[in-house]
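Colleague: The residues making up each chain are set out below.
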Amino acid sequence: MKSPLMPFSKIVFILLCCFALMPSTLFGESVKEYVKITKAGADRIPLVLRSVDVEGSKDAQYAKGIDKVIKNGLAFTGLFAILNSPMNLISGGELYQTGKRQINFPALSSVGAEVYAGGVLKRKGKTLHMDMEVYDALTGKLLMRKLYEGNREDTRSLGHRFCDDLVRLFTGKPSIFGSKIAYVSRRNGKKEIYLADYDGYGEVPVTSTGGLALTPALSSDGRQLAYLTYTRGRPDLQIKDLSRKTVVSVTRKGVKIDPAWRNGSMELATTFSFDGNQEIYLVRKSGSIVRRLTRDRGIDLSPSFSPDGRYMSFVSSRHGSPQVFIMDLNSGTTKRLTFDGKYNTQPAWSPVNDKIAFTTMQKNGEIDIFIVNADGTGLKQLTYRARQNEAPSWSPDGTMIVFSSSRGGASKLYVMNADGRNQRSLKLAGEQMQPCWSSFR
Amino acid sequence: MLLCWVIAAFSVSGCGSKSSETALDTDSGSEQYASSGSDSASASALLEEARRMVKDVFFQYDSAELESDAVSQLKNNAEWLNQNRTISAMIEGHCDERGTSEYNIALGEKRAETTKSFLVRAGVAASRLETVSFGEERPFDSGHTEAAWSKNRRAHFVVK
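Going down the list, the sequences are from chains A and B.
Position one of the first sequence corresponds to residue 143 (my numbering), numbered consecutively onward.
Position one of the second sequence corresponds to residue 17 (my numbering), numbered consecutively onward.
Note that these hints are calculated values from the structure, not bench results.
None of these values were measured; they are calculated from a predicted model.
Wrong hints could be hidden among the right ones.
Stated by the list, open to error - DSSO-like cross-link-like pairs, simulated, lysine-lysine; straight-line CA separation at most 30 Å:
1. 213(A) with 332(A)
2. 283(A) with 268(A)
3. 395(A) with 91(B)
4. 505(A) with 176(B)
5. 210(A) with 264(A)
6. 167(B) with 484(A)
7. 283(A) with 210(A)
8. 210(A) with 200(A)
9. 395(A) with 427(A)
10. 497(A) with 569(A)
11. 242(A) with 268(A)
12. 167(B) with 71(B)
13. 167(B) with 332(A)
14. 522(A) with 387(A)
15. 200(A) with 268(A)
16. 427(A) with 332(A)
17. 332(A) with 268(A)
18. 264(A) with 242(A)
19. 206(A) with 71(B)
20. 213(A) with 268(A)
21. 71(B) with 283(A)
22. 497(A) with 332(A)
23. 332(A) with 315(A)
24. 91(B) with 332(A)
25. 497(A) with 167(B)
26. 315(A) with 395(A)
27. 477(A) with 167(B)
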């Protein structure tokens with residue numbers, strides 16, 4: 143197993159001597175153990191998160207800001223149970239110097255903690271220095287110590303860098319921190335595409351069509367956004383380079399529906415009907431066609447690709463009602479994935495494994511999100527009796543799903559863990575739909 | 017090969033904007049055609065007549081098949097359009113709010129295309145008929161009952 147402590151490349155970090163001398167397998171074992179617990183869905187990692195300590199009272203405001211960012215960030219992941227800190231947590235040594243202060247491990251055990259994280263914050267001019275330490279509370283072993291530096295005006299990204307490392311420590315994978323969600327926001331009867339952080343923070347408009355923009359799809363590098371507009375009263379596919387601000391419009395005759403980027407390439411798939419029937423095509427970011435992928439009399443739409451880009455799940459009405467199918471792009475072989483229910487649409491293939499989320503319209507008109515393995519096994523319902531739950535999109539690490547739900551009346555964005563637990567609103571103002579969670583930035 | 021592409025940079029064409037009007041805002045459309053002179057006055061009167069005579073047709077849930085009511089209405093539409101060959105139409109396919117919005121864009125296009133095909137078979141030149149789908153995005157009735165839904169599952173004619 144690759145050590146989860148390795149991928150710290152961007153930021154300066156300090157290893158204590160004792161930590162460096164420890165065999166790395168010890169950490170590997172404990173990390174594996176946590177992952178096992180979390181995957182079982184039975185428990186979250188009990189974490190004591192001590193507020194960062196500051197020596198100067200003028201810096202307390204930054205500490206307060208950082209604490210909130212870290213606590214909210216870690217709570218969002220659903221990986222941790224954040225416990226109240228015991229009173230006598232630091233039992234001696236130098237309080238404002240990590241590594242030289244004594245952690246009271248028996249006190250941590252007494253509150254049920256398995257992990258302790260805390261640190262010291264110092265301001266140097268406009269820069270904040272945050273020295274963080276993470277211990278295994280049961281054994282007293284140091285799991286991580288790292289110095290983070292950042293602009294004092296941007297405590298959010300500083301705090302999230304620590305959150306990212308902490309999640310990587312326990313999952314061995316990059317986290318959601320830094321990822322974005324693109325979505326449709328409806329205001330004054332108009333639908334435009336917006337972009338926000340993973341938790342709904344800092345939303346910004348991407349389109350200003352003045353009418354109707356739909357189904358945003360972010361490329362895996364996060365730089366390209368494909369979507370539909372009705373700018374000229376007809377549906378066009380637009381591919382926007384988010385950094386250069388350039389837009390390619392595909393104005394071919396007929397509909398364009400629900401684009402999706404193919405992993406590992408700069409190609410996307412979308413439905414066109416210029417040929418007289420609605421078929422899925424593979425398209426370059428320049429808008430030119432690579433090749434046609436489907437060929438049948440029914441409606442074909444909503445492509446979503448396997449992590450390696452070889453397989454494509456999609457919706458087809460070739461047998462009558464809309465159902466989810468999977469195509470092997472190498473051989474062209476297609477098999478049907480969903481059999482229960484008469485209306486299965488909106489497949490979303492996990493970016494990390496072979497799980498596919500999709501929606502089913504129930505007999506009473508409600509729409510629910512399900513997941514199923516790509517081989518058809520393991521069907522599991524994730525939403526229940528909550529009106530319309532639509533358009534699932536996976537977090538880049540595959541641990542969460544963002545979707546829209548009308549459970550509270552208006553359609554809003556919600557996030558849940560991939561097993562359906564912990565469903566909560568992103569609390570964006572207004573109405574939103576059709577979210578697309580980016581890969582990493 | 018059908019790889020001939022029209023790839024244009026984002027542009028708003030003035031003539032395209034009329035066809036984006038839906039059932040809810042076509043009432044204001046007559047002003048756009050009004051100008052001085054008797055020719056334009058009669059053209060305006062003809063458009064008024066077109067709006068009265070060329071009526072929408074309605075569909076069953078999740079279907080783009082023409083029901084008997086729709087067939088008889090389309091026969092009337094075809095007859096009028098065949099007698100008034102200066103009038104052309106944009107056929108908008110619409111859906112009710114049920115189902116998922118991406119699929120409804122496809123279904124709306126099927127409805128518009130089925131409608132157009134019927135009229136073409138009845139003698140209306142295909143060049144006079146355009147189609148577009150709005151899926152469930154432009155409901156005629158914003159209610160959440162079958163009464164509202166049945167009005168929204170439609171092929172809507174915008175004459176010009």
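Colleague: Taking the hints in turn, state whether each one holds.
Modeller: Evaluation of the provided hints:
1. For a cut-off of 30 Å, the pair hint linking residue 213(A) to residue 332(A) is broken: about 36 Å separates their Cα positions.
2. Simply put, residue 283(A) and residue 268(A) have alpha-carbon atoms about 33 Å apart, too far for the 30 Å limit, and the pair is violated.
3. Using a Cα cut-off of 30 Å, the hinted pair residue 395(A) and residue 91(B) holds, with the two alpha carbons roughly 27 Å apart.
4. Straight-line distance between C-alpha atoms of residue 505(A) and residue 176(B) comes to about 41 Å, which puts the hinted pair past the 30 Å bound.
5. Using a Cα cut-off of 30 Å, the hinted pair residue 210(A) and residue 264(A) holds, with the two alpha carbons roughly 17 Å apart.
6. Our distance criterion of 30 Å between C-alpha atoms is met by residue 167(B) and residue 484(A), whose separation comes to about 23 Å.
7. A hinted pair counts as satisfied when its Cα atoms are at most 30 Å apart, and residue 283(A) with residue 210(A) qualifies at roughly 26 Å.
8. Between residue 210(A) and residue 200(A) the CA atoms are separated by roughly 18 Å; this keeps the pair inside 30 Å, and the hint holds.
9. Only pairs whose Cα atoms come within 30 Å are accepted, and residue 395(A) paired with residue 427(A) is accepted, the gap being roughly 18 Å.
10. A threshold of 30 Å between alpha carbons decides the hint, and for residue 497(A) with residue 569(A) the separation of about 27 Å falls inside it, so the pair holds.
11. Simply put, residue 242(A) and residue 268(A) have alpha-carbon atoms about 26 Å apart, close enough for the 30 Å limit, and the pair holds.
12. Distance check on the hinted pair: residue 167(B) and residue 71(B) sit about 13 Å apart at the alpha-carbon level, within 30 Å; holds.
13. For the hint pairing residue 167(B) with residue 332(A), the CA-to-CA distance comes to about 22 Å; that is within 30 Å, so the pair holds.
14. This hinted pair does not check out: residue 522(A) and residue 387(A) have alpha carbons roughly 41 Å apart, beyond 30 Å.
15. In summary, the hint linking residue 200(A) to residue 268(A) is supported, as the alpha carbons are separated by about 13 Å, within the 30 Å threshold.
16. Between the alpha carbons of residue 427(A) and residue 332(A) the distance comes to roughly 26 Å, so the proposed pair stays at or under 30 Å and holds.
17. Restraint check for residue 332(A) and residue 268(A): not satisfied, since their Cα atoms lie roughly 42 Å apart, outside the 30 Å limit.
18. In summary, the hint linking residue 264(A) to residue 242(A) is supported, as the alpha carbons are separated by about 16 Å, within the 30 Å threshold.
19. A distance of roughly 65 Å separates the Cα atoms of residue 206(A) and residue 71(B); the hinted pair therefore is violated under the 30 Å criterion.
20. A hinted pair counts as satisfied when its Cα atoms are at most 30 Å apart, and residue 213(A) with residue 268(A) qualifies at roughly 23 Å.
21. Straight-line distance between C-alpha atoms of residue 71(B) and residue 283(A) comes to about 77 Å, which puts the hinted pair past the 30 Å bound.
22. For the given pair, residue 497(A) sits about 34 Å from residue 332(A) by alpha-carbon distance, which is inconsistent with the 30 Å threshold.
23. Of the supplied pair hints, the one linking residue 332(A) and residue 315(A) is violated, its CA atoms being roughly 38 Å apart against a limit of 30 Å.
24. For the hint pairing residue 91(B) with residue 332(A), the CA-to-CA distance comes to about 36 Å; that exceeds 30 Å, so the pair is violated.
25. Taking the CA atoms of residue 497(A) and residue 167(B), the gap is about 39 Å. The hint is violated against a cut of 30 Å.
26. A hinted pair counts as satisfied when its Cα atoms are at most 30 Å apart, and residue 315(A) with residue 395(A) does not qualify at roughly 43 Å.
27. Pair hint residue 477(A) plus residue 167(B) does not hold up; C-alpha atoms about 37 Å apart against a cutoff of 30 Å.
In summary, the numbered hints that this structure violates are 1, 2, 4, 14, 17, 19, 21, 22, 23, 24, 25, 26 and 27.
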